[in-house]
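**Q** The lines below spell out each chain.
2 protein chains.
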Amino acid sequence: MTIKDRRSIRHYSADVVSEELLNSIIDEAQRASNTGNMQTYSVIITRDEAQKKLLAPAHFNQPMVTSAPIVLTICADFHRFSRWCEERCAIPGFDNIQSFVGASIDAMLLAQNIATIAEREGLGICFLGTTTYNALQIIETLHLPRLVMPLTTITMGYPASMPEQPDRIPVSGIIHNETYREYTSAEINALYEQKEARDDSKKFIEENNKETLAQVFTDVRYPKSASDFFSVEFIKALRRQGFIAEEQ
Amino acid sequence: MTIKDRRSIRHYSADVVSEELLNSIIDEAQRASNTGNMQTYSVIITRDEAQKKLLAPAHFNQPMVTSAPIVLTICADFHRFSRWCEERCAIPGFDNIQSFVGASIDAMLLAQNIATIAEREGLGICFLGTTTYNALQIIETLHLPRLVMPLTTITMGYPASMPEQPDRIPVSGIIHNETYREYTSAEINALYEQKEARDDSKKFIEENNKETLAQVFTDVRYPKSASDFFSVEFIKALRRQGFIAEEQ
Chain A
5 MTIKDRRSIR
15 HYSADVVSEE
25 LLNSIIDEAQ
35 RASNTGNMQT
45 YSVIITRDEA
55 QKKLLAPAHF
65 NQPMVTSAPI
75 VLTICADFHR
85 FSRWCEERCA
95 IPGFDNIQSF
105 VGASIDAMLL
115 AQNIATIAER
125 EGLGICFLGT
135 TTYNALQIIE
145 TLHLPRLVMP
155 LTTITMGYPA
165 SMPEQPDRIP
175 VSGIIHNETY
185 REYTSAEINA
195 LYEQKEARDD
205 SKKFIEENNK
215 ETLAQVFTDV
225 RYPKSASDFF
235 SVEFIKALRR
245 QGFIAEEQ
Chain B
5 MTIKDRRSIR
15 HYSADVVSEE
25 LLNSIIDEAQ
35 RASNTGNMQT
45 YSVIITRDEA
55 QKKLLAPAHF
65 NQPMVTSAPI
75 VLTICADFHR
85 FSRWCEERCA
95 IPGFDNIQSF
105 VGASIDAMLL
115 AQNIATIAER
125 EGLGICFLGT
135 TTYNALQIIE
145 TLHLPRLVMP
155 LTTITMGYPA
165 SMPEQPDRIP
175 VSGIIHNETY
185 REYTSAEINA
195 LYEQKEARDD
205 SKKFIEENNK
215 ETLAQVFTDV
225 RYPKSASDFF
235 SVEFIKALRR
245 QGFIAEEQ
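Residue numbers (the numbering used here), protein chains in the order written: chain A, 5 to 252; chain B, 5 to 252.
It should be emphasised that the hints constitute simulated quantities derived from the structure, not laboratory data. Some hints here could point you the wrong way.
Straight-line alpha carbon distances no greater than 20 angstroms define the calculated EDC-like cross-link-like pairs of lysine to aspartate or glutamate that follow [what the hints assert, rightly or not]:
| # | chain 1 | residue 1 | chain 2 | residue 2 |
| --- | --- | --- | --- | --- |
| 1 | A | 228 | B | 250 |
| 2 | B | 214 | B | 203 |
| 3 | A | 199 | A | 171 |
| 4 | A | 228 | B | 99 |
| 5 | A | 56 | A | 19 |
| 6 | A | 57 | B | 182 |
| 7 | A | 56 | B | 250 |
| 8 | B | 199 | A | 171 |
| 9 | B | 207 | B | 171 |
Here are some of the chain B residues that sit facing chain A, going by a computed Cβ distance under 8 angstroms [said to hold, decoys possible]:
| # | residue |
| --- | --- |
| 10 | 45 |
| 11 | 109 |
| 12 | 179 |
Using N, Cα and C, we set each Cβ at its ideal position, and we do this for glycine too.
Generate coordinates for the entire structure from the input sequences, incorporating the hints supplied.
**A** Here is the structure:
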């Protein structure tokens with residue numbers, strides 16, 4: 005798949021993804037830009053069935069976690085770099101939010117490169133946004149040490165089927181020239197009218213007994229109570245991994 | 005440039021990057037995966053010379069900010085989506101860290117897609133890690149409203165020269181099978197020996213009057229005092245933009 009015609013793949017064939025191919029994908033993905041060439045990221049590869057079953061609950065048992073041949077957990081990682089510093093009479097100072105954010109950005113640039121290269125090689129992938137919800141569980145399951153935070157998960161395998169490509173808002177909606185312009189009601193209507201007119205959108209509204217598609221997002225899919233709860237959990241995970249000091 | 009032979013470009017020719025090309029790059033980049041298809045990101049395009057001069061100090065006056073034809077500030081953005089919710093009788097609840105982290109991940113997947121597509125089209129890019137250091141300044145300069153956080157900046161233009169490709173550690177160093185393995189001293193040595201043997205590394209050590217390359221990172225380039233300072237600034241910016249509640 006090219007970037008233009010790509011779509012997330014949630015159903016995989018039984019074909020094996022070779023270790024050579026996977027290593028070459030991650031190796032090439034490392035060419036992504038990164039801060040100070042510190043490469044503050046790690047990729048945990050899950051192929052073992054028992055490990056997949058341990059990981060699945062953290063992802064709310066989305067079936068891809070156990071059905072995909074490969075599950076990659078992409079982490080911000082200042083542990084390895086700090087280990088090197090300690091071996092070289094240097095005192096690392098990366099136990100803070102700025103280091104976490106920098107490592108996270110670099111880890112996500114790597115993640116998108118892994119996705120693009122895998123798709124070019126005929127594989128299909130799906131990102132799991134659940135990784136930041138249940139980071140503590142994933143930390144336990146993957147034995148992640150201090151200064152390593154899981155951020156996103158990619159399930160990967162050869163596509164068993166090719167779904168429809170999802171909609172996007174017009175590109176004019178995400179671009180701002182020189183400064184951020186406030187959106188007028190008319191512009192909001194224009195940006196979202198295609199999405200709202202889709203049959204699947206209408207079905208979502210009906211199934212959830214809501215008045216608008218936006219209410220499906222705010223009341224059902226991403227309610228404030230859940231986001232607030234998982235925010236507290238995420239901060240706990242950052243503290244546990246040493247990116248926020250104990251007393252803060 | 006392909007992903008494999010890419011390198012960051014810091015010197016640009018005078019050739020104009022057309023608005024059509026830039027729009028088509030960002031449009032195609034929107035095919036990146038994103039959470040719930042909410043597309044919680046924005047791209048602020050800076051072409052105006054006066055605006056570049058205003059932005060430059062936030063990036064410690066790195067010359068690319070004023071010399072590149074185009075500067076893109078990539079933001080996590082829950083403002084637009086919240087505006088849509090408000091227009092549709094839905095109460096948005098994205099004023100929390102979990103929403104910030106989710107939007108950040110999606111914004112960075114978009115950012116890497118923009119980089120990959122731009123390079124495929126013959127352009128050169130450089131990411132600026134300074135964006136998260138001085139987020140407050142950038143928020144002011146670009147008039148970013150509540151729930152919009154700048155995360156990274158891409159300078160872009162046609163390459164004026166093609167620098168050497170930087171080193172990377174062996175891919176085995178960033179991969180972990182099934183669970184995170186602790187690095188032994190021998191493995192750390194093996195991962196970093198090539199980097200440490202480079203002429204430019206030796207020059208860095210000498211110029212900075214240090215004993216090891218790691219000390220150049222911990223004492224000169226990324227000292228704990230600076231990371232701690234910029235962590236406090238970043239939290240201030242998150243609070244100002246509404247991702248952390250005032251009382252927290």
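**Q** Now tell me, hint by hint, if it's right for this structure.
**A** Against the structure, the hints:
A threshold of 20 angstroms between alpha carbons decides the hint, and for residue 228(A) with residue 250(B) the separation of about 17 angstroms falls inside it, so the pair holds. A threshold of 20 angstroms between alpha carbons decides the hint, and for residue 214(B) with residue 203(B) the separation of about 15 angstroms falls inside it, so the pair holds. As the CA atoms of residue 199(A) and residue 171(A) are separated by approximately 7 angstroms, the hinted pair is consistent with the 20 angstroms bound. A threshold of 20 angstroms between alpha carbons decides the hint, and for residue 228(A) with residue 99(B) the separation of about 8 angstroms falls inside it, so the pair holds.
In summary, the hint linking residue 56(A) to residue 19(A) is supported, as the alpha carbons are separated by about 18 angstroms, within the 20 angstroms threshold. Proposed proximity of residue 57(A) and residue 182(B) is supported: the alpha carbons are some 12 angstroms apart, at most 20 angstroms. Taking the CA atoms of residue 56(A) and residue 250(B), the gap is about 40 angstroms. The hint is violated against a cut of 20 angstroms. Pair hint residue 199(B) plus residue 171(A) does not hold up; C-alpha atoms about 44 angstroms apart against a cutoff of 20 angstroms.
Between residue 207(B) and residue 171(B), the direct Cα distance comes to roughly 15 angstroms. Compliance with the 20 angstroms bound is thereby established for this hinted pair. Restraint check, residue 45(B) versus chain A: the minimum CB separation of about 6 angstroms is within 8 angstroms; hint holds. A distance limit of 8 angstroms between C-beta atoms decides the matter here; for residue 109(B) the minimum to chain A is near 6 angstroms, and the interface restraint holds. Taking 8 angstroms as the C-beta cut-off, the interface hint given for residue 179(B) holds, the closest approach to chain A being about 6 angstroms.
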